[in-house]
Every structure is written in C-alpha cells, then in structure tokens.
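Protein chains in written order, with our numbering: chain A, 1 to 290; chain B, 1 to 301; chain C, 1 to 427.
No wet-lab data here; the hints were simulated from the structure.
Please note: incorrect hints may appear among the correct ones.
[Said to hold, decoys possible] Listed below are the simulated DMTMM-like cross-link pairs for lysine to aspartate or glutamate, each with C-alpha atoms no more than 25 Å apart in a straight line: (1) C:LYS135 / B:ASP69; (2) C:LYS407 / B:ASP49; (3) C:LYS184 / C:ASP164; (4) C:LYS182 / C:GLU211; (5) C:LYS135 / C:ASP123; (6) C:LYS218 / C:ASP363; (7) B:LYS206 / A:GLU51; (8) C:LYS182 / B:ASP138; (9) C:LYS210 / C:ASP128; (10) C:LYS135 / C:GLU95; (11) B:LYS14 / A:GLU180; (12) C:LYS184 / A:ASP188; (13) B:LYS14 / A:GLU183; (14) C:LYS182 / A:GLU50; (15) B:LYS14 / A:ASP188; (16) C:LYS184 / C:ASP284; (17) C:LYS218 / C:ASP235; (18) C:LYS407 / C:GLU228; (19) C:LYS210 / C:ASP108; (20) A:LYS117 / B:ASP229; (21) C:LYS218 / C:ASP121; (22) C:LYS184 / A:GLU50; (23) C:LYS182 / A:GLU51; (24) C:LYS218 / B:ASP229; (25) C:LYS135 / C:ASP121; (26) C:LYS299 / C:ASP123; (27) C:LYS218 / C:GLU95; (28) C:LYS218 / C:ASP128; (29) C:LYS131 / C:GLU95; (30) C:LYS210 / C:GLU178; (31) C:LYS135 / C:ASP108; (32) C:LYS184 / C:GLU211; (33) C:LYS364 / C:ASP123; (34) C:LYS218 / B:ASP138; (35) C:LYS364 / A:GLU50; (36) C:LYS407 / C:ASP164; (37) C:LYS184 / B:ASP138; (38) C:LYS131 / B:ASP49; (39) C:LYS210 / C:ASP222.
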Amino acid sequence: MLEPTSPERPARATRRPLASLIVHALLIATSFAMLYPLLWMLAASFKPQEEIFSSTSLIPQQFTLDGYVSGWSGLSVDFGRFFLNSLTISLLSIAGNLIACSLAAFAFARLQFPGRKPLFAILLLTMMLPYHVTLIPQYVMFFNLGWVNTLLPLIVPKFLAVDAFFIFMMVQFFRGIPHEIQEAAIIDGCNPLQVYWYAILPLSTPVLATAAIFTFIFTWDDFFGPLIYLSDVRKYTVSLGLRTFVDGTGISNWGAVFAMSCLALVPVLLLFLFFQRFLIQGIATTGIKR
Amino acid sequence: MPSSPRRTSQTLRKAAPAYLFLTPWLLGLLGLTMGPTLISLYLSFTSFDLFQAPQWIGADNYLRIATADPNFMASMRVTFMFVVTAVPLKLCFALALAMILNRGISGLPVYRAIFYLPSLLGSSIAVAILWRQLFAGDGVVNGLLAPFGIQGPSWISDPRYSLWSLVLLSAWQFGSPMVIFLAGLRQIPTDLYEAASIDGATRLRKFVSITLPLLTPVIFFNFIVAMIDAFQSFTPAFVVSRGTGGPLNSTLFYALYIYREAFGFFHMGYASALAWVLLVIIAIFTAIAFLTSRFWVYYDA
Amino acid sequence: MTRMDRRTLLVGGAATAAYLGLSGFSRAEDTLMRMAWWGGQSRAERTLQALAIYAQQHPGHTVDTEYLGWDDYWPRIATQSAGGNAPDVLQMDIEYLAEYASRGVLLDLDSYVGSALSVGDFDPAVLDNGKVGGKLYAVANGVNAVAIAYNSVAYEEAGVAPPDASTTWEQFAQLTAEFSRKTKRQGMFGTADGSAAQPVLETWLRQRGKELYTPQGKLAYDAGDITEWFQMWADMRAAGSIPPGDIEALGQGSIDNSLFAQSRAAVAWANSNEYVAYQSFTPDPVRLSPYPRVGADGKGGLYVKPSQFFAVSARSRNPEAAVVLLNFLLTDPAATTALGSERGIPASAAVRQRLSPSMDEADKLMSDYISGLGELAGALPPPQPPGNGEITDAFSSASQEVSFGAKSPADAAADYIARAEAVLTRA
C-alpha cells in the first residue's frame, strides 16, 4: 500500500528501482490513454474538414492551418477578445469564490452558533435543484437589475458565495485542521477574524488552490451562463465562441472548433501549472506539530 | 419566549461573529438563490409555457409524473445506472492515482498535469466528435480490440452500451476529485507516519489506520459532490447525443429530460415539478449519507 | 486587513465596475436595436455586411448582433422572450413560429404591410406561411424545398445510376441496395435512413393524397399508414439500402453529425438550402434531386416553403425602426445582394431577378432545383399545431424502436399514434 511522503523526504519508490520502473510504466500507459483523445483533437485542428470526419489517424494527411486562421479571426470579433472576456470572468470569479466561500466555510466549520445545522442543510439543498428551472426567474431578476448583457450576472454571485460546492469543500478541509491551533490562537487573544486570517487560512493553501483551479475551470468551460446572459457577440466567452462555429442546420467550421479548443486549453493548463505548487503545501510540509 | 434576556444576549454575542462571516453567503441566498428557487416551486404547481402567465393546476404535474409518464421512469433508470456506476468508478480511479502521485516520484507535476488535462476540456463541443471517433463501430476503441479477436459493437450508438461510453467519459475526467484527494493527503501530518514507523507499523497498517481515517472527510465530500453531480448530469449527454438522449432514450439523463420539457416543448411547469422531484430524491440520498457519516467519517475534534 | 490592502481593493473594484458597467448606457440617445439569428460563419459575414450598409443609410441607428448555432439559439431566445427582453429583429423557424406567435411574443406585422413593409412581390403562398391565426407575424427571408443530396462521384464509381425526379420508392430501394453492394468506399451505404424524419414522411403522405395534419390540427393519417411506412424502411434495412440501427444512430441531430457528413451514406434527406453545408463535408460534387415518388406518374408531394423567417419582437422599444430594418433586409438592393441566397432563395421576385446574374454555382444549383420542381410541388400544407415538436420527437423514437428491433412496425406505429394523439389533446 501507499503512503504520502513529503517532497523533501526521499520516497521509498526511488530507492527501489524495479518498483519505480513499474510505477512509471503504469503511469505512462495511463497517461497515453488519458492523452490519446486530446492528441487526436490536436491532430484534427490541422486537418481539413472532410478529413476530420472520415479519419481517425493521429497524423493529418493534408496539413492545414486554416482552422487556426479562420478560427482566430473568422467571427466578426476576433478570438482574442473572447479570451480576454473569459479571463476577466474567470479571474474575478476566483477572487469572489476564495473570499466569500472561505468566510462562510469558516463559520460552518469552526464557529458554534444557533441555526448552524439547518443553515448547512439549506446550503446543501441549494446544490440539488437542477438549474434549468431557476433560469427564467433568475434571468428576469438580472434583467430588472439592468445586468443582462454585462458580466455582472456571472461574477457578482461568486462574491455572494452562491456556489455551495466550494463552501462545502472548504468546510471539510477546515474541519481537518487540528483544534489545538485554533485554541492556541484564542488563548493568545485572537478574535474570530484573526483566527480565520492568521490560523486557518495559512494552513489551507491546498484547498484554496484547489478552489482557485476549479473556479477557473468551471467558469472557463461554462457555456450556459454566458449563453443566456451575454447576448452581444463582443461579450462572448471562449466556450460560447467555440459553439458559435457550429450550426447544426448549416455550415459549421469544425477545423476552427478544434483549433480554438486546443488554444483554449493553454490558459487553463498554465493556470493549473501555476497553482499546483500550492496544492502540495499543507500541514504536512509546514512543520506544524500536534 | 422562555429564555431570559441575559441568555438571549449571550447567544446573540456568540452568534454575531458567525453571522458576520456568513453575511455574503446569506445575502446571496436571500437575494439571488431563494427567489428563483421558490418561484420554480410555485411553477411546479402550474401549467407554464414560458411566455404566458402560469395557470395554477394544483398537483396535476406531480400526479402525471407518478402515474402517466413513461419518460420519467426511463430517465430515472438511466440516471440511477449512471450514478451507481460512474461515481464509484471515478472516485476509485481518482483515489488510486492520487495515492500513486503522492509518493514523491520524479516527474510528479507532469503526471498530475497530464491526468488533469481531460478534465480541463470539460464538456467542450469538441467532445461530441471526439467520443464518436473513439466509440463508433469503426472507431479507435474497436481498432484496439481487433488484434485480440474482439469485434466490438458501435458503443456509442447501440442502446445497450451507449450509457457506458458516457460513464467512461465521466471517469476519464477524474481530475477534480483527484486534486481534492491530493490536497487531502497533503493535510495528513507526516509526524503521524513517523510515529507509526517507530512503532514498527507496516505500510498496509499505516494506510488502514492513518491514511484512510484521516482522509474520510475528503472521501465523504467527494462522494456527496460526485453523487449530486451525477444525479444532475446534463452536459455530457447533451453534447454527445446532441440533446436527443438517444438512441432509444438510452442516454436520456434526468436533467436532459427536464431541459427538453422546459426549452424544447415549453412545459416549464412540468419541468419544474420534475426538478423538485429530483431535489427530493437527491436530498434523501444525501441525508442517508450524512446519517451514516458519523460511523465512518473522522474529523479532528 | 491593512489600510493599503483596502485601498488597493477599492481602486480595483472601481476599475472593475467601470469595465463591467461601460456597456449598455453609452448610446442611450441613439436608436439602439438588437438583431439575432442562428447560422454559421458565412451567414454572419453576409449579415454584418448588410447591417453595415444599414448603419450608413440610417445615421444614429445602431444594431447590436447576437448570433449563435441553432442548438444554442433557441434556449436563449426562449429565455429572453420569457424575460421580456427578446431581440428587436429575430430569425424564426417554422418549427417554432406557432409556439411564439400564438403566445404573444411576436409583433403582428399586418398594419405595416404596404407601408413600411413592402412585400407586394412575395409569393402569396409563401407569405401565408408566416401567418398564425390569420395574422402575419413573420416574413420569409428565403424559400427552399426538401431534396435528397447525393454524392455524385460515389454513385458514378459504383456504376449505379443515381436517383432522379422520376425515381419511385421501389426503384430507390433497389438502386441504393445495389450501391451498398457495389461501392468500394468502406462502410458507405446507398442512403441514410429517412424513416425518422417528419418531412420525409410528410412528402410520402402527400404523394398518397394525405397530410400530416388536418386544418383543425388533428392527425391526418392513421396507424395503418405508419405501419406501412416503417415496413418500407425495415425492408430497405434488410436489403442493405440503409444502415442498421446502431450505425444510423451515429448520425442523429444535425447536418454535421449526419451519416452523409461521416461518409457513411451517399444520400442525405435534406432541404435544398442546406446544399452548401452538405457539400462542405466532401470533395466530391454533391447534387440535389426530389424525394422518390409513389408512382412515376404520381404526385411529387413537395412544396416550396419558407426556409426561415425574420420577425419582430412584440416588446420591441422601437417597433417602427425594427420593421424598417426588417424591410431593408428583405428588399434593399444592396442588402439583398450582400445576403445573397445564403438563407435560401429570396422570396421576393424582384430580388431573385436582380440576384440571378451574379449567382455563384451553388446558388444557381439551388435556384434551378426549386424553379425546376414544376408539378412536383403542390399547395402548402395546413399549419402545424402547437405540440408538433413533441410529436416529431415521438416519431423519431418510434422509428428507432423499429430499427433496433425493439418493436414491430405495427406495434411501434400504434404506440406512436397513441402518443401523438395524447400530445394534441393536451396542447
């Protein structure tokens, strides 16, 4: 069986070459299975449309950059604009979720107060209603606020912790932080805000990094929200722009879909690589002793 | 009220900071979530075609769901099958890889990124074509099976198998629970392992008595979230079956059925009733999970 | 939080608000309109070009555009309409026209006809198709007719004569089966399965003197018709003319997902204006031909219909200006030249005439197809009742039940009729 080891400590596997070889062989095989569909997508982005639909080969028979050229500037607004819009929404959403959700999660995980259990049940219930049936009343509400066709309906809810998933996730992690730390802080005269800020948050980098990554990916991939609230093409996001190339009743530009899908992965991957270093900074490596 | 003024003020003083922390969420709940939710509950008792004023029809929608809707049963069956297969598959896969990746092997960041890549793709429109190329009768998967003498079916378009190609799609995108598991594993203090090593514990012993118990809050979280997610699964089927839920309704996920009723056929009242039925079902399963959690989930307290 | 932090946050917040809030209020004095359509890139280019001309001719008028693919267009239009925020001018389809018009979403255009809206030279039958309950709610921006699109080179290679205007269903079944046997293109069938498509059924019914619906909005056919219909296709499936169910199911939903696009079928059940789309999936020349007929001397069952419409929202803040824009798109020489035949052959005779010299090959092919239909095309059918969308869905499910062998043609037909009648009673 396996156990976690900190990066500083030499892992058992590296001391046993055969075991290490087997692990790597397995990982590489899994990686290939994981990557094959994406490699096919990359290959498809260089194929002309007829070939995309008739061949499963990883190597284009006819190499073309058309997908990238017609994808980037084929719509009336170039794709760079969509990237900017998506980035704006995603980054602001990260800020909103990290602040608002961690505040609420701290209260649920670490404070005793009347109404805690029923409120937590309500929190969970808000995750359970399929969103299609609240869409119309929500649209009417944002329309009356004058927010339709602005980025506000996609961002403001994040600052009001509407995404219960993140609160729930943080609650689970905050509850795992040893109580001694909080008690020590209270004895030192910290008020709840200081406990939150100086004791809990610094020990929560993995879950905060996780929340940041997920928020980015969820908002980056979301097409239904932008579809409903951003009607002007100049405000489209990447995921919506991608779908604009596809029209089931007429001519679609699948070369552009695949080319721009490949490009759209780049920022998400970069962000993931940037944040993943924080994933491994937990209690395990900060040297807190119980 | 029975409580004395002094006790009330004490409770208030105790509650005040908590509610201060909850303010953004409460504002969101009361201002953004609550209204539309209650309206959808009201609409579930009406006949509402999106454009004209809703007509109150009492419990008719619910009666029809219970007694006269073959699609309700069909989509329930599909959704339950999906939940009981996709959730364990995805979580086991995610946990196993998180454990392997947590060993401090070389190239760790690269593997982690590679395993996460499919999840980054999400439900991009490109997935529809991708999945067809993989799982069609003459697709890549059957090409790989052919050397072993297996003549595979058209996985994605044969009603006996089409759901499984979506289960695989969900398992393929195991990156999110994997990352959560990784973060959870990182939160287990290393001195526990060191102490256990000194006591001469085997690796299996350490896994069973340290890793698993301390990971239970995260396992619990991943389970609840994956279950709620699977019950509401919409986009994969919407993208792969182009919104049809076909062939033969074999991928008619419950949420897809709701969507079709609401936006395809303009039965928003009926769709709302369907949605509330789903909410009750999910809530029951979640409540059961929470009730059992006290027996197997360990919080540091 | 330190003071520094708070100030940074405030400044950041203000900047963000400025960026987010910029839109919407900046052009309050001008006439601001929104126009929405579904379609691909070339439609967007042409429409934007036409709108640029409009902006030149109408200083102070701004038209914001909202365009998407078909699948995404409808949920958005539905949400916007439900919220009272539908675009001023919007593209409409026959499938949804009755649903929207009968529920008060669209503006009644009758009072503008002859003044702001000059549709005098439109074919009256085509114009009638934009009416719901006797009132004009939408104007056709192009016409088309159903057609099969076939890969001419594939048929030539196989040494099989392709279908033409005189081909009967029997002959069609034979020649497509022969194609499937003879072709060297791996996995290509003589034709895609048309048994699930309501327009194909409609044509076949009309050839037999029936319709989909009575003028009162009831079913105009019975289980016997549908049993025969499913049986005809089951025979074709057995003979290899059409692919088995599990291959056919790979091609559901849209043109780019069709078996024709995947090179699995040499014939697609299409509309004439979709010709360019089908052509984009193969380097071989694609040709159009009418659907097969019941008898070589019988009726064609076809009709020339609006390919799509433009309509005006009932809640438009500038209905007059919106109608002016609508009229501009349908009749202005420069605008119609920019739009071409991309949405279908223009419904206005004058526009057709003006465009014909400059038509490219594809436009000519579509235009010739329609003008060459002659006696094959008949009168327009009675309008579709609300609930037709659900019936279409039930019909394609029933057809799949037959193709996967889950039900016999007779059972599937009986169950389908029962479901369709239940939908009509409820609607």
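A quick look at each hint next to the structure:
no. : hint                : in the structure
1   : C:LYS135 / B:ASP69  : violated (36 Å)
2   : C:LYS407 / B:ASP49  : violated (33 Å)
3   : C:LYS184 / C:ASP164 : holds (22 Å)
4   : C:LYS182 / C:GLU211 : violated (36 Å)
5   : C:LYS135 / C:ASP123 : holds (16 Å)
6   : C:LYS218 / C:ASP363 : violated (37 Å)
7   : B:LYS206 / A:GLU51  : violated (54 Å)
8   : C:LYS182 / B:ASP138 : holds (20 Å)
9   : C:LYS210 / C:ASP128 : holds (21 Å)
10  : C:LYS135 / C:GLU95  : holds (17 Å)
11  : B:LYS14 / A:GLU180  : holds (20 Å)
12  : C:LYS184 / A:ASP188 : violated (84 Å)
13  : B:LYS14 / A:GLU183  : holds (16 Å)
14  : C:LYS182 / A:GLU50  : holds (23 Å)
15  : B:LYS14 / A:ASP188  : holds (19 Å)
16  : C:LYS184 / C:ASP284 : holds (15 Å)
17  : C:LYS218 / C:ASP235 : violated (29 Å)
18  : C:LYS407 / C:GLU228 : holds (14 Å)
19  : C:LYS210 / C:ASP108 : violated (31 Å)
20  : A:LYS117 / B:ASP229 : holds (22 Å)
21  : C:LYS218 / C:ASP121 : violated (33 Å)
22  : C:LYS184 / A:GLU50  : holds (18 Å)
23  : C:LYS182 / A:GLU51  : holds (23 Å)
24  : C:LYS218 / B:ASP229 : violated (42 Å)
25  : C:LYS135 / C:ASP121 : holds (18 Å)
26  : C:LYS299 / C:ASP123 : holds (22 Å)
27  : C:LYS218 / C:GLU95  : holds (17 Å)
28  : C:LYS218 / C:ASP128 : holds (20 Å)
29  : C:LYS131 / C:GLU95  : holds (13 Å)
30  : C:LYS210 / C:GLU178 : violated (31 Å)
31  : C:LYS135 / C:ASP108 : holds (6 Å)
32  : C:LYS184 / C:GLU211 : violated (39 Å)
33  : C:LYS364 / C:ASP123 : holds (20 Å)
34  : C:LYS218 / B:ASP138 : violated (43 Å)
35  : C:LYS364 / A:GLU50  : holds (24 Å)
36  : C:LYS407 / C:ASP164 : violated (33 Å)
37  : C:LYS184 / B:ASP138 : holds (16 Å)
38  : C:LYS131 / B:ASP49  : holds (21 Å)
39  : C:LYS210 / C:ASP222 : holds (10 Å)
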